[in-house]
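Engineer: Sequence:
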Amino acid sequence: VDWTIYDTDVAELVTSGENNSIASVKAISSGTTLIEASIGDTFHAYCNVTVYVPAERITLNTQNITIRDGQSYYLSYDIYPSDATDRVTFTSSNYDVADVYGDGEVYGRDPGTAVITANCGNATATCKVTVKAPSVKFAKKSAVVYKGKTATVKATLAGVSSVTYKSSNTKIATVNSKTGTVKGIKAGTVTITATSGKLKATYKLTVKNPTFTLTKSSATIAKGKTTTIRSKATPVSTVTYTSSNKKVATV
Numbered sequence: 031v032d033w034t035i036y037d038t039d040v041a042e043l044v045t046s047g048e049n050n051s052i053a054s055v056k057a058i059s060s061g062t063t064l065i066e067a068s069i070g071d072t073f074h075a076y077c078n079v080t081v082y083v084p085a086e087r088i089t090l091n092t093q094n095i096t097i098r099d100g101q102s103y104y105l106s107y108d109i110y111p112s113d114a115t116d117r118v119t120f121t122s123s124n125y126d127v128a129d130v131y132g133d134g135e136v137y138g139r140d141p142g143t144a145v146i147t148a149n150c151g152n153a154t155a156t157c158k159v160t161v162k163a164p165s166v167k168f169a170k171k172s173a174v175v176y177k178g179k180t181a182t183v184k185a186t187l188a189g190v191s192s193v194t195y196k197s198s199n200t201k202i203a204t205v206n207s208k209t210g211t212v213k214g215i216k217a218g219t220v221t222i223t224a225t226s227g228k229l230k231a232t233y234k235l236t237v238k239n240p241t242f243t244l245t246k247s248s249a250t251i252a253k254g255k256t257t258t259i260r261s262k263a264t265p266v267s268t269v270t271y272t273s274s275n276k277k278v279a280t281v
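Just so you know, we're using this note's numbering here: the sequence shown kicks off at 31 and counts up by one.
Please keep in mind that the hints were generated in silico from the structure rather than gathered at the bench. Given the structure is predicted, the values throughout are model-derived calculations rather than measurements. Treat the hints with caution; some may be incorrect.
[Unchecked claim] Distance condition first, Cα-Cα at most 30 Å in a straight line; then the derived DSSO-like pairs of lysine-lysine:
| id | residue 1 | residue 2 |
| --- | --- | --- |
| 1 | K262 | K196 |
| 2 | K177 | K158 |
| 3 | K208 | K179 |
| 4 | K246 | K201 |
| 5 | K170 | K158 |
| 6 | K246 | K230 |
| 7 | K255 | K170 |
| 8 | K196 | K246 |
| 9 | K216 | K177 |
| 10 | K246 | K170 |
| 11 | K246 | K208 |
| 12 | K277 | K201 |
| 13 | K253 | K184 |
| 14 | K253 | K234 |
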């Protein structure tokens, strides 16, 4: 019997027995090759040989992730040995919380926790997934702005990309719908709302009139002497002092 193997990088043949009637196949590397057995030019037989390399270990790029409802995260992995022929599959312990697809994409569905398992032959690796609800919040419940002045109070976003700001009374205070910058129009109180889809957050904005006072309404000083009259401005600003008659007193 004559034996032929078509890809010696995949497997090798060792023949034995009477008239080479026995052929032992030794696996070399993963792949497929064809073995032919022939007797003269008359008889031919063929055998397809596939060399399988089992995975010994699989590791994920992380063991814990936190995502928002509606967000995705892609898990990557490494397999040892690198030429293992086992196919990687993913499963979720709770598909209502987190779904997982064949390419390692994890998709958050509802708040909760789930465990994603990567399977490769007999090797496994896991990743805990925590899914949180998206949110819109203000760090402060209230803020103050003075008439004619502006201030910016931005909402803190988690799982959403943008919000729209709105004032409950634009006669008292206006707000830039995109930036959240408010401007005091007249004294009073309004509610500023930040909205993203069904999510919203609010804070109370108080508009105050600016004030300016002096520590003394009148003063008497001797010729050649000095005294100090201080001012208090709310909001704080630069104060300029002038005298109505520099021949009597300077300031």
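Engineer: So, against the hints stated earlier in the document, which numbers end up violated here?
Structural biologist: 1, 2, 4, 5, 6, 7, 8, 10, 11, 12, 13, 14
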